[in-house]
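Peer 1: So you can see what is in the structure, the chains are spelled out below.
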Amino acid sequence: DTGVSQDPRHKITKRGQNVTFRCDPISEHNRLYWYRQTLGQGPEFLTYFQNEAQLEKSRLLSDRFSAERPKGSFSTLEIQRTEQGDSAMYLCASSLESVRAFFGQGTRLTVV
Amino acid sequence: AQSVTQLDSQVPVFEEAPVELRCNYSSSVSVYLFWYVQYPNQGLQLLLKYLSGSTLVKGINGFEAEFNKSQTSFHLRKPSVHISDTAEYFCAVSEGSQGNLIFGKGTKLSVKP
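Protein sequence lines, in the order shown, are assigned to chains E and X.
All you need for this note's numbering is the position in the first sequence, starting with 1, plus 312.
All you need for this note's numbering is the position in the second sequence, starting with 1, plus 525.
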């Protein structure tokens, strides 16, 4: 069990650029979640995969946000045309058909 | 819609003192409840969870929480805190069968020597 891995840990980008984050869940975990955490707030749910199927995406913050999990293993979260308001910590979590989710260390995005 | 309220944004305490971090939730259905801890620049680590059964739940690092359905509360307690307990603590409720979590805004616990 190597834990949930997220890459990169930190990303600084200019406003208007596209960014992509990667999440590698614990192997054989079939559920994968993305959350966003802004300063002074708890994590906010964005989207959820069960295997390769994206079963909930209505909470993605805008149509600039998209996520994929093409083979049911790793996942990517892309933000197009970044805005300063997108600056936050993006967290990934995985679980195995259970109510215990394991979180990665997150990717901290700064949009300048 | 479900929601979680953490009543205290910051709790300063002295080392070896007891502490209680308060959490209230709103839900019209049965819920699963969680406490997570986040150390600086780290991800979230599960402290304990309530799924069913005994309302007193024991977790890691000497923490425990009590589920109170009538008061819709799930307060976290520790009888004697250590400096190393300084961190931010999040209460969360599981939203439906998907398993995604609704979090409170967090409580920053600061343990002073």
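Treat the hints with care, as some may be off.
[To be verified] In the SDA-like style, the derived pairs of lysine to any residue whose C-alpha atoms are separated by at most 20 Å in a straight line are:
id: 1; chain 1: E; residue 1: Lys369; chain 2: X; residue 2: Glu591
id: 2; chain 1: X; residue 1: Lys583; chain 2: X; residue 2: Glu541
id: 3; chain 1: X; residue 1: Lys630; chain 2: E; residue 2: Lys326
id: 4; chain 1: X; residue 1: Lys583; chain 2: X; residue 2: Gln623
id: 5; chain 1: X; residue 1: Lys583; chain 2: X; residue 2: Asp610
id: 6; chain 1: E; residue 1: Lys326; chain 2: E; residue 2: Arg412
id: 7; chain 1: X; residue 1: Lys630; chain 2: E; residue 2: Gly328
id: 8; chain 1: X; residue 1: Lys594; chain 2: X; residue 2: Leu576
id: 9; chain 1: X; residue 1: Lys633; chain 2: E; residue 2: Arg343
id: 10; chain 1: E; residue 1: Lys369; chain 2: X; residue 2: Gly621
id: 11; chain 1: X; residue 1: Lys574; chain 2: E; residue 2: Arg343
id: 12; chain 1: E; residue 1: Lys369; chain 2: X; residue 2: Ala526
id: 13; chain 1: X; residue 1: Lys637; chain 2: X; residue 2: Gln623
Worth flagging that the hints you see were computed from the coordinates, not collected in a lab.
Since we're looking at a predicted model, the values are computed, not measured.
Peer 1: Determine for every hint whether it applies to the structure shown.
Peer 2: How the hints compare with the structure:
no.: 1; hint: Lys369(E) / Glu591(X); result: violated (33 Å)
no.: 2; hint: Lys583(X) / Glu541(X); result: holds (19 Å)
no.: 3; hint: Lys630(X) / Lys326(E); result: violated (28 Å)
no.: 4; hint: Lys583(X) / Gln623(X); result: violated (25 Å)
no.: 5; hint: Lys583(X) / Asp610(X); result: holds (16 Å)
no.: 6; hint: Lys326(E) / Arg412(E); result: violated (36 Å)
no.: 7; hint: Lys630(X) / Gly328(E); result: violated (29 Å)
no.: 8; hint: Lys594(X) / Leu576(X); result: holds (12 Å)
no.: 9; hint: Lys633(X) / Arg343(E); result: violated (29 Å)
no.: 10; hint: Lys369(E) / Gly621(X); result: holds (15 Å)
no.: 11; hint: Lys574(X) / Arg343(E); result: holds (18 Å)
no.: 12; hint: Lys369(E) / Ala526(X); result: holds (17 Å)
no.: 13; hint: Lys637(X) / Gln623(X); result: violated (40 Å)
Hint violations for this structure: numbers 1, 3, 4, 6, 7, 9 and 13, all remaining hints satisfied.
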